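Please model the complete structure; the sequences and the hints are all you need to start from.
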Amino acid sequence: MATDGKPGKLAHIHLGVDGGAERFFVRLSAALARRGVEQVAFVRKDRPWRDELARHCDVREIRFSRSHLKRHFVRWSISRQIRAFGATATLGWMSPASKWMPKPGPSMRTFLRLGDWPDGFHTYGNVEDLIGNTPEIIRQAVEMGWPETRAHVISNFVDPLPEDLKPVTRANYNTPEDATVLIHLGRFVERKRFDLAIHAVARLPEHVHAWLIGDGDLLDDMKALAKTEGVERRVHFLGWQRDPAPFLKAADILLCPTDAEPLGNVVLEGWNAGLPVVATASPGPSWLIEDGKTGLLSPCGDAEELAASVLSILEAGNLRNDLAANARAFLQENYSEDAIVDSYLNLFRQGVSR
Numbered sequence: 001m002a003t004d005g006k007p008g009k010l011a012h013i014h015l016g017v018d019g020g021a022e023r024f025f026v027r028l029s030a031a032l033a034r035r036g037v038e039q040v041a042f043v044r045k046d047r048p049w050r051d052e053l054a055r056h057c058d059v060r061e062i063r064f065s066r067s068h069l070k071r072h073f074v075r076w077s078i079s080r081q082i083r084a085f086g087a088t089a090t091l092g093w094m095s096p097a098s099k100w101m102p103k104p105g106p107s108m109r110t111f112l113r114l115g116d117w118p119d120g121f122h123t124y125g126n127v128e129d130l131i132g133n134t135p136e137i138i139r140q141a142v143e144m145g146w147p148e149t150r151a152h153v154i155s156n157f158v159d160p161l162p163e164d165l166k167p168v169t170r171a172n173y174n175t176p177e178d179a180t181v182l183i184h185l186g187r188f189v190e191r192k193r194f195d196l197a198i199h200a201v202a203r204l205p206e207h208v209h210a211w212l213i214g215d216g217d218l219l220d221d222m223k224a225l226a227k228t229e230g231v232e233r234r235v236h237f238l239g240w241q242r243d244p245a246p247f248l249k250a251a252d253i254l255l256c257p258t259d260a261e262p263l264g265n266v267v268l269e270g271w272n273a274g275l276p277v278v279a280t281a282s283p284g285p286s287w288l289i290e291d292g293k294t295g296l297l298s299p300c301g302d303a304e305e306l307a308a309s310v311l312s313i314l315e316a317g318n319l320r321n322d323l324a325a326n327a328r329a330f331l332q333e334n335y336s337e338d339a340i341v342d343s344y345l346n347l348f349r350q351g352v353s354r
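Numbering (the UniProt record's numbering), first residue to last: 1 to 354.
If you are wondering where the hints come from, they were derived from the structure by calculation, not from laboratory data. None of these values were measured; they are calculated from a predicted model. Using N, Cα and C, we set each Cβ at its ideal position, and we do this for glycine too. Heads up, none of these hints are tricks.
Using C-beta positions, here's what the derived DEER-type ranges look like:
#: 1; residue 1: 48; residue 2: 223; range: 23 to 29 Å
#: 2; residue 1: 86; residue 2: 145; range: 32 to 38 Å
#: 3; residue 1: 161; residue 2: 33; range: 18 to 24 Å
#: 4; residue 1: 33; residue 2: 239; range: 28 to 34 Å
#: 5; residue 1: 342; residue 2: 161; range: 20 to 26 Å
#: 6; residue 1: 216; residue 2: 308; range: 23 to 29 Å
#: 7; residue 1: 242; residue 2: 177; range: 21 to 27 Å
#: 8; residue 1: 46; residue 2: 86; range: 25 to 31 Å
#: 9; residue 1: 106; residue 2: 328; range: 41 to 47 Å
#: 10; residue 1: 190; residue 2: 86; range: 39 to 45 Å
#: 11; residue 1: 322; residue 2: 80; range: 52 to 58 Å
#: 12; residue 1: 145; residue 2: 220; range: 36 to 42 Å
#: 13; residue 1: 322; residue 2: 165; range: 21 to 27 Å
Encoded structure:
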């Protein structure tokens, strides 16, 4: 960013497909544009969020090749375009972007944002500073040898829901209007523990239903598990949803039962929708949630305790409202757009001035 107080120019490199990280990428880009930051983004072709991003950012679709020779050409092309654009900072999103980062220089610094734990730095040669969205990510990077002075924690924010946002109609998803609806969102991969959500439903009263939103390799296995547990009538697989907000607004409790979650952006989204959150004590939720005040935490992998946390909300009259109100206040104080965007802009300015 410019050192004279004026907004600078920022280049993004993002290879993601569609998920929570991509939603935040588009959200942050829009917020930076509102601050007057001119941006260019290099992304894969045909991303479902491309048009939304293009409302406030110059989008350039790139075919990122695995061929060694073509990779050098693509990296050279990206670097040339970034310098022609006049970027004062380049922000790569997640480790795969590190392979395509331009070389930094006196007038342009390079940053890599991590939303997951690093698995090594062998492709980070052109990365000057790391940004992790939780302290745990940065702690692990430093333990692996990354310089602490070049590692920074900046978390996420969520946009306030529109006041006129309408919830989805439960009947459209075979869910009774008087049911208690648990909602769990994510990719159907092992660490998201959709199985734990299903086992918990099997231990809860008949009026408790679960909406499982997402897709992935374990989807068919989870459908089979719901049948085995005898809860196929109460567990609803709703597929991937580009905008989960109307589903969150129609639900009652957000579940985040993961074994290994660096942040848990869904926790922020649940709070934003006014839902009480029941999570397992993986690193991200444990950092975000004050147990008993802004949510309920249970041991990882324990379906009995997860179900007990849900049951305590159902049985304690004011607990649901108290958790939701406390979480909303905490969210607004610590994870506002202004606070997070200020942190990014300050870091970019420091990078250019040093």
